[in-house]
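Residue numbers (my numbering), protein chains in the order written: chain A, 1 to 160; chain B, 1 to 204.
Treat the hints as calculated values from the structure; they're not laboratory data. All C-beta atoms in this analysis are idealised placements derived from N, C-alpha and C, irrespective of residue type, glycine included. Do not take every clue at face value.
Stated by the list, open to error - Short derived list, chain B residues pointing at chain A, Cβ under 10 Å:
hint: 1; residue: Ser140
hint: 2; residue: Val153
hint: 3; residue: Ser155
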Amino acid sequence: MTEINVGIGELKVSSDKDSVIVTRGLGSCVAVCLYDRIAKIAGMAHIMLPSDNGRDADHSARFADTGVPRLFEAMVKAGANPKFMVAKIAGGARMFDLPGGSQLLEIGARNCKAVIAALESLKLSLAAADTGKDYGRTVELSVASGELRVKAIGRGVTII
Amino acid sequence: MTKITSGLTFKQREMLERIIKLSTDSSAVALSEMTSKSIFLQSPELDVVSLDSIINIAGGSESVAICVCLIFSGEISGNILLIFPRASALKLISLILQEDVLREELDEMGVSVLGEVGNLVSSYFLSTLSDYARLDLRPSSPMVVQDMVGAIVSSAMLMLERAPEEILYVKTELSDEFDKIDGHLMLFTDEDSLGILLQAIETR
Numbered sequence: 001m002t003e004i005n006v007g008i009g010e011l012k013v014s015s016d017k018d019s020v021i022v023t024r025g026l027g028s029c030v031a032v033c034l035y036d037r038i039a040k041i042a043g044m045a046h047i048m049l050p051s052d053n054g055r056d057a058d059h060s061a062r063f064a065d066t067g068v069p070r071l072f073e074a075m076v077k078a079g080a081n082p083k084f085m086v087a088k089i090a091g092g093a094r095m096f097d098l099p100g101g102s103q104l105l106e107i108g109a110r111n112c113k114a115v116i117a118a119l120e121s122l123k124l125s126l127a128a129a130d131t132g133k134d135y136g137r138t139v140e141l142s143v144a145s146g147e148l149r150v151k152a153i154g155r156g157v158t159i160i
Numbered sequence: 001m002t003k004i005t006s007g008l009t010f011k012q013r014e015m016l017e018r019i020i021k022l023s024t025d026s027s028a029v030a031l032s033e034m035t036s037k038s039i040f041l042q043s044p045e046l047d048v049v050s051l052d053s054i055i056n057i058a059g060g061s062e063s064v065a066i067c068v069c070l071i072f073s074g075e076i077s078g079n080i081l082l083i084f085p086r087a088s089a090l091k092l093i094s095l096i097l098q099e100d101v102l103r104e105e106l107d108e109m110g111v112s113v114l115g116e117v118g119n120l121v122s123s124y125f126l127s128t129l130s131d132y133a134r135l136d137l138r139p140s141s142p143m144v145v146q147d148m149v150g151a152i153v154s155s156a157m158l159m160l161e162r163a164p165e166e167i168l169y170v171k172t173e174l175s176d177e178f179d180k181i182d183g184h185l186m187l188f189t190d191e192d193s194l195g196i197l198l199q200a201i202e203t204r
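Excised from the complex, chain A in its bound form (with noise of 0.2 Å):
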């Protein structure tokens, strides 16, 4: 089984059945897959913040409103049809906290509500997601299977 690493605000797609896409240690970071369950091909983004507020110069997928995009532009390019791909997201983690709570604080929150919206407008329907509570996440994706394999400490691992 061959790892694809995704690197933080990076986006990879694959279509080789014999691989997992992974990204270790998301805390209020997300991770969103896209996967087309007929033609087999899974693309994952590492989101780091919700929106790029029109500063974006590079290609990356550090952001929201303009990564989430990016990866289904990439997906489709591979040759997937957006009528068979299924979305699933992780990560969102609220890590830090504060007695009397700070908004600084809720970034992964906003993070995960910018990707639901970021998938709406593109008509993704999600299948999944293990977003949210307040510990860091490592997720790997099958391409065989479209499979997202949750790990965190001392809590196992999740399929979703």
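Since the structure of chain A is already known, use the hints to place chain B on it.
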């Protein structure tokens, strides 16, 4: 945005080293008083790095670490993170509590001890920094988190409204007569504030 791609200037490095020396010395005195034994604190390394490299420096995305994080606000805003590999953090707790047996789990007492150490080291660093830069910086209370390095570090950085590309990194070594414990101190500032901060220190 002021990019510090060429690294720190000679003057900036010199001033930062002085600030760090002052604050680690004060922290060591406070920790020694707290434990009534000699605790030493040194910072042999200092650099401006990217998010990817800082995650690697701290042990890699998936390695388990325990950190203390303080948010600061004022003329510039950001947060400061003191992060230890899990085993080192547990060793540090035993060292501070003067226990012979190493702890296996992070319990409430451990959280409280680490919070105190992190608070001490970070607050001394921030207050010395604000004195030197003549900027007013006010820290929050400490937050202690145990999780994967990638999750901790990226979330600390992205908590800022405008996340920075560059992070000030200080390697820290805490020791008593017998043991040495490695830690990593990281300063995340709102997008362009690291440049402001370094300039303020330089022109002082």
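Original post:
Should the hint that Ser155 of chain B touches chain A count as held when the rule is a Cβ pair under 10 Å?
Top reply: holds, 3 Å
Original post:
Should the interface hint for Ser140 of chain B be scored as holding, given a Cβ-Cβ cut-off of 10 Å against chain A?
Top reply: Nearest chain A Cβ about 6 Å off; hint holds.
Subject >> Interface hint status, Val153 of chain B versus chain A (Cβ within 10 Å) >> reply: Cβ of Val153 of chain B sits 8 Å from chain A, so the hint holds.
The structure meets every hint from the earlier list without exception.
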